[in-house]
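Residues in the sequence shown are numbered consecutively from 71, following our numbering.
Worth double-checking, as some hints may not be accurate.
As the list claims (entries may be wrong) - Within a straight-line C-alpha distance of at most 30 Å, the following computed DSSO-like cross-link-like pairs (lysine-lysine) qualify:
{"id": "1", "residue 1": "LYS341", "residue 2": "LYS562"}
{"id": "2", "residue 1": "LYS558", "residue 2": "LYS433"}
{"id": "3", "residue 1": "LYS433", "residue 2": "LYS513"}
{"id": "4", "residue 1": "LYS663", "residue 2": "LYS534"}
{"id": "5", "residue 1": "LYS216", "residue 2": "LYS291"}
{"id": "6", "residue 1": "LYS266", "residue 2": "LYS276"}
{"id": "7", "residue 1": "LYS315", "residue 2": "LYS373"}
{"id": "8", "residue 1": "LYS513", "residue 2": "LYS562"}
{"id": "9", "residue 1": "LYS257", "residue 2": "LYS650"}
{"id": "10", "residue 1": "LYS315", "residue 2": "LYS333"}
{"id": "11", "residue 1": "LYS373", "residue 2": "LYS385"}
{"id": "12", "residue 1": "LYS336", "residue 2": "LYS304"}
{"id": "13", "residue 1": "LYS332", "residue 2": "LYS318"}
{"id": "14", "residue 1": "LYS350", "residue 2": "LYS257"}
As the list claims (entries may be wrong) - Label-pair distances were calculated between CB atoms; the ranges are:
{"id": "15", "residue 1": "SER190", "residue 2": "LYS336", "range": "56 to 62 Å"}
{"id": "16", "residue 1": "THR409", "residue 2": "ILE522", "range": "50 to 56 Å"}
{"id": "17", "residue 1": "LYS385", "residue 2": "ALA428", "range": "16 to 22 Å"}
Don't read these hints as lab results, they were simulated from the structure. Backbone N, C-alpha and C define an ideal beta-carbon position, used for all residues, glycine too.
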Amino acid sequence: MKDEEKKQVGQITDSADNPLEALVNKEYAEEKVMEPDDLVKKTKKDSQSRVDRLKKWYGSHKRISIPVTVLLVLLLVAAVPWTRYKAAGMVYEKDFNLQLKDSTAGTPVSEARVSIGSVSGLTDGDGKVVLRRVSVGEHKATITKKYYRNTQVNVLVPILGQKSIPNISLVATGRQAKVLVSNIISKNNLSDVEIKVADTVAKTDKDGSATIVLPVGTSSKEATLNLKGYNEVKVTIEAANSGVKENKFNMSPAGTIYFLSKKSGKIDVIKTNLDGTDRKTVLPGTGKEEDRNTILLASRDWKYLALLSRRDSSKPKLYLIETENDKLTSVDEGTASFTLVGWNEENFVYLVDRESTAYWQPKKHALKSYDASKKQLITLDESRGEGQSNGDATYESMTDIYSIGSSIVYFKGWFSYDYSNPTRYQGKQDGVYQINADGTGRKTIRTFNHDINSALYVDSYLYKPSEIYYSIIDGSNVTKYYEYESGKLVDKADLADDFRKYTEEEPRTYLLSPNGNETFWGEPRDGKSALFVSSKDGDDSKEIAALSDEHKVYGWFGDDYLLISKKSSEIYILSRAGIKNDADSLKITDYHKPALNFFSYGGGYGGL
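From just these sequences and the hints, can you work out the full model?
Here is the structure:
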């Protein structure tokens with residue numbers, strides 16, 4: 071076909087008629103005639119250009135390119151389990167938990183050494199151990215404990231958090247014995263008790279139990295029990311020929327109680343542990359002590375003891391005993407008689423009657439406080455007097471003394487022997503006063519004017535730990551009632567029934583706990599001695615025991631234990647949580663109880 075004919079049928083196009091098409095045809099024609107070697111060269115050139123462009127972009131965008139590269143590598147490594155832990159173990163460390171149990175008894179194995187590489191630890195009373203900062207990945211754990219077969223196990227320390235704790239059984243190579251340790255007072259099981267026996271150590275679990283393995287051929291072995299806050303106990307652990315023999319032991323909380331004893335025939339100061347063991351004589355009697363006037367009162371923390379005793383003179387002296395070292399210090403003495411008020415924190419308060427001073431002379435009576443921590447004697451108040459002799463004396467006296475909080479509240483009134491003088495009380499005032507036990511904060515609560523020829527007569531009792539009821543009779547024989555609370559004395563409605571009940575029954579005594587947050591008190595109910603623990607104000611009372619009527623409250627020891635007396639000759643201890651019957655309390659000791667009682671005194675212990 072001729073060109074003209076081809077053109078007509080569309081096979082040949084006249085490029086002259088279309089310039090763009092002509093250009094395309096030209097390039098197409100050139101490409102068709104390109105040699106193979108030239109094509110390879112062009113491909114290499116284009117590929118090299120892309121690599122150069124990538125390098126240039128990677129270098130100019132490092133903030134993006136480097137993190138993306140690291141992420142891609144980590145994803146690649148993590149995709150393969152073996153390389154995942156091999157690589158991660160080089161940079162990642164995790165805490166790893168294991169638990170061991172006895173293969174026969176099924177009980178925790180304590181004090182076993184567990185090692186993974188250079189990391190090791192000892193199992194606790196529950197058989198658990200935490201190995202700190204172990205490289206993630208597969209490891210071989212080595213477990214050793216005397217009288218148990220050495221054991222190796224394969225473990226995996228995961229990259230993510232440990233989902234479960236491997237529980238590994240150990241095989242004993244000796245005779246097994248079970249040990250159960252309890253608090254001798256509360257009867258509660260004790261955890262974390264260290265048991266040393268036959269060159270090995272174990273600890274009790276949360277239930278107070280531990281499995282001990284004794285050497286083969288050993289039926290019993292001496293052991294030592296130790297726990298912080300408890301007295302060390304030496305025991306004998308026994309193992310059976312077959313099976314697991316159970317051994318039950320008790321431990322006593324650490325602490326020492328002090329009391330008077332006449333067991334030697336003299337009145338001695340004695341101390342024992344809370345379970346009555348390790349009895350020692352702190353201060354032997356001289357034989358000159360008086361039954362009624364030998365008194366020992368302990369501070370609430372049992373750090374200090376106030377002792378009133380006639381030891382080496384014709385008159386009783388007041389002493390301080392420091393329980394840290396049982397040191398005896400003379401506090402006050404002389405031609406005087408002492409009336410003890412009691413402890414107010416570290417201050418011991420008492421009243422002095424100077425027998426060598428006449429009633430009409432000033433300072434015959436003094437209210438004093440002794441700071442046991444500073445060894446400092448403080449005079450809180452002293453009496454005034456008027457006249458020329460005891461026959462015409464008009465004088466002040468301090469009575470009805472209470473320890474309320476950090477303060478001492480007392481009544482001070484005038485009395486007279488000068489009956490021939492009808493105006494002997496003219497201008498005189500009685501009153502209720504308050505002062506802190508350290509001598510600060512002196513305050514007149516309320517005063518009362520006298521009739522010119524008659525005294526006021528006061529009676530009072532502690533209604534609640536910080537509330538006092540007063541009955542005051544004036545010269546017209548009219549009785550008025552008042553209530554002291556929070557530093558104020560206010561008129562109160564008729565309290566005649568309350569005072570009648572007070573005179574017919576033993577006054578209630580609220581014993582303040584060492585931390586000052588609770589009180590311990592008791593009263594007779596239905597032929598029983600009902601014991602209560604309440605708030606520091608005497609509210610929210612909870613009955614913690616109903617014992618035979620021979621029992622009375624005695625004190626606290628710490629904030630967890632209560633002391634009671636039986637027949638005023640035996641001291642028992644019980645848990646603050648209470649007991650169900652008499653037999654649940656633990657007898658500490660017999661003791662000597664002076665005839666004098668300190669009713670309504672709760673700032674220390676030993677007064678009841």
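How the hints compare with the structure:
Distance restraint check for LYS341 and LYS562: the Cα-Cα separation of roughly 46 Å exceeds the 30 Å cut-off, and the hinted pair is therefore not satisfied. At most 30 Å may separate the alpha-carbon atoms for a hinted pair to count; LYS558 and LYS433 meet this at roughly 27 Å. Proposed proximity of LYS433 and LYS513 is supported: the alpha carbons are some 20 Å apart, at most 30 Å. In summary, the hint linking LYS663 to LYS534 is supported, as the alpha carbons are separated by about 26 Å, within the 30 Å threshold.
Taken as a hint, the LYS216 and LYS291 pair is honoured in the structure, with Cα atoms around 15 Å apart against an allowance of 30 Å. Distance check on the hinted pair: LYS266 and LYS276 sit about 18 Å apart at the alpha-carbon level, within 30 Å; holds. Our distance criterion of 30 Å between C-alpha atoms is broken by LYS315 and LYS373, whose separation comes to about 43 Å. For a cut-off of 30 Å, the pair hint linking LYS513 to LYS562 stands: about 21 Å separates their Cα positions.
With a C-alpha separation of about 13 Å, the suggested pair LYS257 and LYS650 falls inside the 30 Å cut-off, and the hint holds. Proposed proximity of LYS315 and LYS333 is contradicted: the alpha carbons are some 41 Å apart, above 30 Å. A distance of roughly 26 Å separates the Cα atoms of LYS373 and LYS385; the hinted pair therefore holds under the 30 Å criterion. About 33 Å separates the Cα atoms of LYS336 and LYS304, which puts this hinted pair outside 30 Å; it is violated.
Distance hint between LYS332 and LYS318 is unfulfilled; the C-alpha atoms sit about 35 Å from each other, more than 30 Å. Between the alpha carbons of LYS350 and LYS257 the distance comes to roughly 26 Å, so the proposed pair stays at or under 30 Å and holds. Distance hint for SER190 and LYS336: a CB-CB separation of about 60 Å, consistent with the stated range 56 to 62 Å. Between THR409 and ILE522 the CB atoms are about 30 Å apart, so this pair departs from the stated range of 50 to 56 Å.
Distance hint check for LYS385 and ALA428: the Cβ-Cβ separation is about 18 Å, which falls inside the suggested range of 16 to 22 Å.
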